[in-house]
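Student: Chain residues, written in single-letter form:
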Amino acid sequence: MNSLNISLPGLELKNPIMPASGCFGFGREFSQLYDLSQLGAIMIKATTYEPRFGNPTPRVAETSAGMLNAIGLQNPGLEKVVNEELAWLEQIDVPIIANVAGSQEEDYVAVAKRISAVKNVHALELNISCPNVKTGGIAFGTIPEIAKNLTKKVKEVSEVPVYVKLSPNVTNIVEMAKAVEDGGADGLTMINTLVGMRIDLKTGNPILANKTGGLSGPAIKPVALRMIYEVSQQVSLPIIGMGGIESAEDVIEYFYAGASAVAVGTANFVDPFVCPKIIDGLPELIEKLGYEHISECTGRSWKKHEKATHYCS
Amino acid sequence: MIRQEQCTVISQIKLAENIYELTLQGELVHEMKDPGQFVHLKISEGYDPMLRRPISIAEILPDQSQFKMIYRAEGRGTAMLSKKSPGDYVDVLGPLGNGFPITEAFGGETAMLVGGGIGVPPLYELSKQLESRGVKVIHVLGFQSASAVFYEEKFAQLGETYIATADGSVGTKGFVTDVIERIGFDFDILYSCGPTPMLKALETRYPHKNVYLSLEERMGCGIGACFACVCHTGDDPDGYSYKKVCSDGPVFKAGEVVL
Numbered sequence: 001m002n003s004l005n006i007s008l009p010g011l012e013l014k015n016p017i018m019p020a021s022g023c024f025g026f027g028r029e030f031s032q033l034y035d036l037s038q039l040g041a042i043m044i045k046a047t048t049y050e051p052r053f054g055n056p057t058p059r060v061a062e063t064s065a066g067m068l069n070a071i072g073l074q075n076p077g078l079e080k081v082v083n084e085e086l087a088w089l090e091q092i093d094v095p096i097i098a099n100v101a102g103s104q105e106e107d108y109v110a111v112a113k114r115i116s117a118v119k120n121v122h123a124l125e126l127n128i129s130c131p132n133v134k135t136g137g138i139a140f141g142t143i144p145e146i147a148k149n150l151t152k153k154v155k156e157v158s159e160v161p162v163y164v165k166l167s168p169n170v171t172n173i174v175e176m177a178k179a180v181e182d183g184g185a186d187g188l189t190m191i192n193t194l195v196g197m198r199i200d201l202k203t204g205n206p207i208l209a210n211k212t213g214g215l216s217g218p219a220i221k222p223v224a225l226r227m228i229y230e231v232s233q234q235v236s237l238p239i240i241g242m243g244g245i246e247s248a249e250d251v252i253e254y255f256y257a258g259a260s261a262v263a264v265g266t267a268n269f270v271d272p273f274v275c276p277k278i279i280d281g282l283p284e285l286i287e288k289l290g291y292e293h294i295s296e297c298t299g300r301s302w303k304k305h306e307k308a309t310h311y312c313s
Numbered sequence: 001m002i003r004q005e006q007c008t009v010i011s012q013i014k015l016a017e018n019i020y021e022l023t024l025q026g027e028l029v030h031e032m033k034d035p036g037q038f039v040h041l042k043i044s045e046g047y048d049p050m051l052r053r054p055i056s057i058a059e060i061l062p063d064q065s066q067f068k069m070i071y072r073a074e075g076r077g078t079a080m081l082s083k084k085s086p087g088d089y090v091d092v093l094g095p096l097g098n099g100f101p102i103t104e105a106f107g108g109e110t111a112m113l114v115g116g117g118i119g120v121p122p123l124y125e126l127s128k129q130l131e132s133r134g135v136k137v138i139h140v141l142g143f144q145s146a147s148a149v150f151y152e153e154k155f156a157q158l159g160e161t162y163i164a165t166a167d168g169s170v171g172t173k174g175f176v177t178d179v180i181e182r183i184g185f186d187f188d189i190l191y192s193c194g195p196t197p198m199l200k201a202l203e204t205r206y207p208h209k210n211v212y213l214s215l216e217e218r219m220g221c222g223i224g225a226c227f228a229c230v231c232h233t234g235d236d237p238d239g240y241s242y243k244k245v246c247s248d249g250p251v252f253k254a255g256e257v258v259l
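Protein chains in written order, with the UniProt record's numbering: chain A, 1 to 313; chain B, 1 to 259.
Treat the hints as calculated values from the structure; they're not laboratory data. The structure presented is a predicted model; accordingly, all values stated were derived computationally and were not measured. For each residue, glycine too, the CB sits at the ideal point set by N, CA and C. Honestly, I wouldn't trust all of these hints.
Stated by the list, open to error - Sample of chain B residues at the chain A side, in silico, Cβ under 10 angstroms:
| # | residue |
| --- | --- |
| 1 | 3 |
| 2 | 48 |
| 3 | 75 |
| 4 | 220 |
Claimed, not checked - Just the calculated beta-carbon pair ranges, DEER-fashion:
| # | chain 1 | residue 1 | chain 2 | residue 2 | range |
| --- | --- | --- | --- | --- | --- |
| 5 | B | 258 | A | 288 | 51 to 57 angstroms |
| 6 | A | 171 | B | 167 | 53 to 59 angstroms |
| 7 | A | 291 | B | 238 | 54 to 60 angstroms |
| 8 | A | 139 | B | 166 | 44 to 50 angstroms |
| 9 | A | 64 | B | 241 | 34 to 40 angstroms |
| 10 | B | 207 | A | 143 | 50 to 56 angstroms |
| 11 | A | 249 | B | 160 | 57 to 63 angstroms |
| 12 | B | 160 | A | 33 | 38 to 44 angstroms |
| 13 | B | 17 | A | 12 | 57 to 63 angstroms |
| 14 | B | 86 | A | 209 | 37 to 43 angstroms |
Pulled out of the complex, with its shape left as it was, chain A reads as follows (with noise of 0.2 angstroms):
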């Protein structure tokens, strides 16, 4: 019995783990690695509707358990990645969530519109929480009237679900999540980098010609369960849960805070193997904790203690 499939707006995902955007390119890279059609999906680079250079490198920095980037969205715009990576990712029996990112709303719009007609493109992943552009993206992340008002334009246009990528540089959540909720969301995303920063020792200089960066990996894995446990009992949409996550077992943790599946993101640069190590490694797992499926492990953490509270009154 397959333990692993799961059902979203949008998607037919044969398991729950697929690579997060920006993290994976367009898949072409580790198509030389791997089958990608292992995966349950690939959520492919950040699109906007021109071509993107990007920012100036050093374009990354290490610290403890995790990284900062600050790639500025680099892309080669909307009609190369429709008409040159999806048509690539054509030959690949795997969904696609396309991330869709800009610098005003009409950039998004156009965007979601364009590429959710492709054909492989089963959902979108709006990007309202990029840390590393000047104009846009975080700003439609942490208003919560923008954001949903931006939701809305974008479900207006999308011929597929739309899921809203939420930015943890943020006060309220819950707030945020509701708001987008309200613009007519299909699911959520959660979450993008917290920005950080790294300084040399040398130079006493920022490392990241950026200054600051989106810091990823497992140092923001709890904040990223906290978040998730705390919006997925006041919003009903899915949520697919990012941060740090690297084995089957952080996989069972973003689950039983409340997510319905799971993206990887830095795992792919220092194991560029760990998706289908991860999705070899679940089964075994979920049924050595008792479950016949996954999806029995939705929010787990806090529907238990719902259940307990009720014993104890």
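Place chain B on chain A using the hints.
Tutor: Below, chain B alone, put in the same frame as chain A:
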């Protein structure tokens, strides 16, 4: 083909001040072809350091399934790497990137190999392969001081070798460009690896020569997926076109990318 393998440490030798030669054994050696490729090393099992470290390949020994790297123990990761002893394992991803095109040099021709500091190591395998093809090799190698010099004799066995040191403690005082200026070599092709200012100087000095340069950049994944090590292309210096140092390079023809 790129492989991931736990390679065994055969030897770890201190060659100069903070400079180590590490020999590893593993089957992925048989995937190594062009000199100038690199491997991406996971130095510890935990999160310290978390990311891999890109290190160039200094010598390929297919008969023993071994390869050598020469690196400087500078940051935390390489300092930890220098503590590995024979019998230990290192998680290796590779070989990665595109190396120096050796078929661009023909038997009887002269190749000048210019290296600076920790950019010198990949030139050793390059020199060996060129020499075995009947190419005459001239080496011009720059170091900070006498205490940082390594492989001088090994290069000398393959061809004429000139050393420059910043403090003049060995060879010519100054940079490799000072040696080149003074002697005025005649050559058909130039290969170089080292600090960017040195590569720029060579590119500017020989606009009409066949010149190949190996670049260094901070990397994330090492396979072209993360876009950390991107540079502008020479024909579109302010535009959107780009090359990735890890997967399009690290060796580029002079002028192909903006240094």
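Student: To test your reading of the hints: which numbers does this structure violate?
Tutor: As far as the earlier hints go, not one is violated by this structure.
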